[in-house]
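For reference, the chains in residue letters:
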Amino acid sequence: MIEPVLREKKRYIIFKIEGRVDYETMKEKIFKETFTFLGQKGAGEAGIIFLPELWNGRRGIIRVKHKMVNELKVVLGLIKDYNVKPINTTGTLKKAKRLMEK
Amino acid sequence: MYDFSIGFKTEKLKDYGFKGACVVKEFRNKQDYDACRLELNDEYLLGVRINELRQAREFKNADYITINNPSEKVFRRILDNSLADSVSGLELIKGFDRLHYRKTLLNQVTAKLMSKHRISMVLEFNNLKKAGGLWRAVIWGRMLQNTWICIKKKVPIIIASGARKENELIHSEVLLAFGQLLRMNKGQAKKTLTYVQEKIKNRRQL
Chain A
1 MIEPVLREKK RYIIFKIEGR VDYETMKEKI FKETFTFLGQ KGAGEAGIIF LPELWNGRRG
61 IIRVKHKMVN ELKVVLGLIK DYNVKPINTT GTLKKAKRLM EK
Chain B
103 MYDFSIGFKT EKLKDYGFKG ACVVKEFRNK QDYDACRLEL NDEYLLGVRI NELRQAREFK
163 NADYITINNP SEKVFRRILD NSLADSVSGL ELIKGFDRLH YRKTLLNQVT AKLMSKHRIS
223 MVLEFNNLKK AGGLWRAVIW GRMLQNTWIC IKKKVPIIIA SGARKENELI HSEVLLAFGQ
283 LLRMNKGQAK KTLTYVQEKI KNRRQL
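Residue numbers (our numbering), protein chains in the order written: chain A, 1 to 102; chain B, 103 to 308.
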């Protein structure tokens with residue numbers, strides 16, 4: 001267990017996909033595009049974590065390191081088969097859940 | 103924020119975070135342009151993508167004139183005589199980079215001319231999206247070099263999606279992040295989506 005002070009700072013990006021997609025497909029697409037654009041080193045540094053319990057078929061939340069927010073937004077824009085839009089970025093999960101319901 | 107390089111009229115601009123847009127198409131003659139102008143309402147600007155120099159004179163009074171991936175000679179003529187509002191596709195030259203610099207049409211001489219005649223450089227996100235593998239890496243590096251030269255020589259930059267179909271539209275947040283990844287700061291990235299576009303819009307209203 002790591003002390004809160006030593007943990008890396010994070011941001012939660014809320015994104016929206018046009019049309020219904022299942023969770024596994026969406027996760028695979030985002031990971032694949034991250035590896036293509038950022039490489040293994042960049043993908044590791046970004047520290048991407050998906051939150052499956054908050055995925056509703058169209059909207060979801062990704063956790064990413066605070067310095068790699070721009071990189072992840074560009075990765076979402078580079079996905080070819082689906083139109084993915086990053087709606088908002090927050091620092092806390094509570095606010096992210098509230099924004100997802102809007 | 104404005105998206106200054108789409109190829110069609112759409113009602114989804116607000117979903118993508120944009121206030122307005124400029125529809126850019128190729129036209130054969132002025133009559134086609136005027137007919138298309140009547141169909142669009144005042145929310146949109148109508149731009150012309152030219153291929154030859156004589157078209158620049160024919161469409162002199164258009165809202166917005168741009169040229170995509172010109173040859174060296176045509177590019178130099180446009181800069182010397184100020185025949186267009188912007189140039190795009192400067193990073194799409196065929197062939198690989200040189201040993202000491204990346205191969206693009208933009209250098210310190212052409213950048214100074216662009217700055218003098220207020221001709222903007224357009225960076226289209228879809229050029230990067232459609233490329234794959236090694237070619238995408240080459241384009242990315244050239245965009246970085248071009249952006250650096252433009253910032254140094256004070257050339258106006260426009261970032262746009264370059265969408266030709268509805269599923270190619272890009273959200274404004276992605277374009278802002280794209281600008282910041284090209285080593286612009288936040289203010290410069292936001293300016294690429296607003297400054298030049300508002301000047302062209304005001305010019306049209308006059």
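Just so you know, the hints here were simulated from the structure itself, not pulled from any lab data. There may be inaccurate statements among the hints.
If you anchor each label on the Cβ, the simulated ranges turn out as follows [what the hints assert, rightly or not]:
no.	chain 1	residue 1	chain 2	residue 2	range
1	B	GLY243	A	PHE35	17 to 27 Å
2	B	ALA137	A	LYS41	20 to 30 Å
3	A	ILE87	B	GLU300	40 to 50 Å
4	A	ARG58	B	GLY197	42 to 52 Å
5	B	LYS196	A	PRO4	50 to 60 Å
6	B	ARG179	A	LYS102	46 to 56 Å
7	A	LYS9	B	LYS301	45 to 55 Å
8	B	GLY289	A	ILE49	41 to 51 Å
9	A	TYR82	B	GLU300	47 to 57 Å
10	B	HIS202	A	PHE35	48 to 58 Å
11	A	ILE49	B	LEU140	47 to 57 Å
12	A	ILE87	B	LYS288	12 to 22 Å
Note that this is a predicted model, so its numbers are computed, not measured. Cβ atoms here follow ideal geometry from the backbone N, Cα and C, with glycine treated the same way.
Confirm or reject the claim that ALA137 of chain B and LYS41 of chain A have a C-beta distance inside 20 to 30 Å. This hint is violated: roughly 53 Å between Cβ atoms.
Take a look at whether the Cβ-Cβ distance between TYR82 of chain A and GLU300 of chain B falls inside 47 to 57 Å. Taking Cβ atoms as reference, TYR82 of chain A and GLU300 of chain B lie about 32 Å apart, which means the hint is violated.
Taking 50 to 60 Å as the hint, is the beta-carbon distance of LYS196 of chain B and PRO4 of chain A inside that range? holds (53 Å)
Take the C-beta atom of ILE87 of chain A and the C-beta atom of GLU300 of chain B, compute their distance, and say whether it sits inside 40 to 50 Å. violated (25 Å)
Given the hint of 48 to 58 Å, check if HIS202 of chain B and PHE35 of chain A actually sit that far apart at their C-beta atoms. Check failed, 31 Å falls outside 48 to 58 Å.
Look at the Cβ atoms of ARG179 of chain B and LYS102 of chain A and judge whether their distance stays inside 46 to 56 Å. holds (52 Å)
Within 41 to 51 Å: is that where the Cβ-Cβ distance between GLY289 of chain B and ILE49 of chain A falls? violated (31 Å)
Does the Cβ-Cβ separation between GLY243 of chain B and PHE35 of chain A fall within 17 to 27 Å? For PHE35 of chain A against GLY243 of chain B, whose Cβ atoms are near 19 Å apart, the range 17 to 27 Å holds.
Holds or violated: the 47 to 57 Å window for the beta-carbon distance between ILE49 of chain A and LEU140 of chain B? holds (52 Å)
For ILE87 of chain A and LYS288 of chain B, compare the CB-CB distance with the range 12 to 22 Å and indicate the outcome. holds (19 Å)
Measuring from beta carbon to beta carbon, are ARG58 of chain A and GLY197 of chain B in 42 to 52 Å? For ARG58 of chain A and GLY197 of chain B the Cβ distance comes to about 43 Å; the hint holds.
In this structure, is the beta-carbon distance linking LYS9 of chain A and LYS301 of chain B contained in 45 to 55 Å? Since the Cβ atoms of LYS9 of chain A and LYS301 of chain B sit about 38 Å apart, the hinted range of 45 to 55 Å is violated.
When the structure is compared with the earlier hints, violations turn up for hints 2, 3, 7, 8, 9 and 10 and for no others.
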